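Undergrad: Chains as they are written, first to last, in the working numbering: chain L, 1 to 191; chain D, 1001 to 1298.
Calculated from the structure, these hints are not laboratory results. Don't take every hint at face value.
Here are some chain D residues pointing at chain L (derived, C-beta under 7 Å) [claimed, not checked]: (1) Ser-1079; (2) Asn-1144; (3) Val-1147.
A quick note: this is a predicted structure, and the numbers were derived from the prediction, not measured. Note that CB positions come from ideal geometry on N, CA and C, so glycine has one too.
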Amino acid sequence: MTVRMGFVIITSRCIDCDACMVACRSENDVPLGHTRNWVKSSGVQGQFPKVSEVFQPGNCMHCDNPPCVSVCPTGASQKRSDGIVIVEDKKCIGCKYCLTACPYDARFSNSETGKADKCTLCLHRLEQGLEPACVQTCLGKSRLAGDLNDPSSVVSMLIAQYPTRILLKEVGTGPNIYYIDEAVPDIPDGK
Amino acid sequence: MELTWGLMIVIYLFTAGLSAGAMITSNLAFLYGGQEFERVSRWGAYLSPFPISLGLGVLVLDLGSPFNFYQLFLTLELSSPMSYGSWIILFFTMLSFVYLYLWLPETYQKIGQTQQLKRWKKHLTKLMPFLSIAVASYTGLLLNAAVRPIWNAPLLPILFLVSALSTGVAAVILISNLSPWKRARHKELHVLTKADAGLIILECLIILIMIVMGRLSSASESIAFNSLLVGNYAWVFWLLIVGLGLIIPLFMELMELKGKIPVKWVWPVTISSSFLVLFGGFFVRYVITYAGQTNSWF
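Here chain D stands alone, though its shape is the one from the complex:
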């Protein structure tokens, strides 16, 4: 099959995961860290609405009949992940802007009473993790439902979820480190880095299991996975994902956690490791989207 879903879809898959991951990072930091993790919660809230908004714009532009997009919201087709997914991302995006508003400094909160807004913030902080998990993982179900080799891997929703969390945490680390205002404290960063390292290890395991399962399935699936390991996509898979996107940032984060990095190098290492995680996360979506389409059943 020629390529039906191209770079636009890859950008959407990446940005939606990033937003969902940043949202969960913010929610959990606030729920379990409270005031001590106030800075990363805030930056997660400020970041979350924007990547997915970009992704939604790109998604509409990719439609053959973009002005007809409202048809999505006249119905709910339970057999179509794209149908319920559209509703999920609609609610997520709207609520992520509300959540951002609730995190603004009080002087900017023109609507609502401060006490009331604080209550709202608490409620929303408990609701958003569920929506975020839905946003991050339904994209896996979306590809599952098209029943193509690679896309039909049952672990795909889990891979997308873990990758989304990892890129979300990395984006929060990146932005809360680059900002001169409300810069994250050492303790906050330490916990986030620990979480990200754990997520990267988990992601490596999931990718490994997916490949083993794929190789043990039908000939069509086995050959499709071979295109990642030794075929057309091997350099993307090994160099951009496994090397630059997983192993190197994991190594950097582990060194940071052990305090083996000289103080003057900590900042650049933190910035580059979180950037590499984002970079790798993008190419995970790329390779799955593309390899799933250039391979088919035979």
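So that you can see chain L by itself, here it is in the shape it has in the complex:
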């Protein structure tokens, strides 16, 4: 079966330390003022004393039907055969069409290069057998990445075990970040 790279993000394990954002910026030289990944807060929910706050980390969803790729006029935005959505800088003219087309606002215009910039799933690290920087640094093990088509991967094992949700399902992009909100006491051993 083909490789389908994606993430599992366990919101119950996120403490909003923002280390993923720092690690990504440092790993990928992301200019200040923009970020390839984020942690969003639900705000305080409920009534005192039963209050809660949910943190929802995110980044490019490496969608199955990525609108950023289909609208790209030069073929710079591409979906690789392993599912990772990338921008080929040489071909990008900086028209920002992909920025408007992404319903997750996962792209930004890099002020230094003038080109569309986004999460690459740390492709250069994967090639060396390493995890993406945001995953490696995540101290709560809230962020996990791997091959969603491989049943022995940690992401597939978690998806099989817990209820998951995806964002903006109705838009039809087929995002590849699966969110788990339930408490996950143990992260299974997997690839």
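On the provided structure of chain L, position chain D as indicated by the hints.
TA: The following block gives chain D in isolation, referenced to the frame of chain L:
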């Protein structure tokens, strides 16, 4: 989402529509009006290449990597309206300059034989309406493809087309009225004014249907359309578009057509009504471009 496409894109959308509309006005006036409509055909031909040229310049300047723009013309991506749109506007702009040349007074036509040029003019007059419709409506498909609330309205290409025709006709009325040379005759203006009034009525209907359809769609879309009706963009929508850009010029044009305007007022009324149509057309592009980006799915 923060604003990705700003005023530069609005200017492009407006100028491209204006050029396409002026081109069609010129073509149809020449095809169906012949010598009697020679003046408006001529002014349409003289006007058409310039707004879109300005728009193209602005469009390139808006790129993050402007020197890389040639990448657009190394490929044709059929899933991207911007890709085929770039080819369309490239051909349109080049041919609009050729068309202008063919309309120049004979003394200025240094290249080509007069008879041959006349034949060319006839051929081009039949081809350009199709290219113009493509230029005017692909911009709607461009926004459709980004699948955002408001931008995904299926009638958007039709709205842009009708608005382009309306602003094109208005621009030809305006310029052929302001010029001391080859000024349009009463009969020509009467027909153009009639056409423009019809287009404005059509545009009002399309906007109405778009809003009703939007309000009946998902909550995201409904709220996005609300931002036009009662939210942040309400004053632009009601005052600048519906009031100044549609209702008032329509009223003025209908009064003109019925001959209810005193002779000494006809000229200023014609000038102001066509100016208001252009003004409204600009803000149609503005409101759609901006409201489509400040609203997103939830």
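Undergrad: None of the hints should be skipped; say for each whether it holds.
TA: Evaluated hints:
The beta carbon of Ser-1079(D) comes within 4 Å of a beta carbon in chain L, closer than 7 Å, and the hint placing it at the interface holds. The beta carbon of Asn-1144(D) is not positioned within 7 Å of any beta carbon in chain L (closest approach about 10 Å), and the interface hint is therefore violated. With its C-beta approaching chain L no nearer than about 6 Å, Val-1147(D) sits inside the 7 Å limit, and its interface hint holds.
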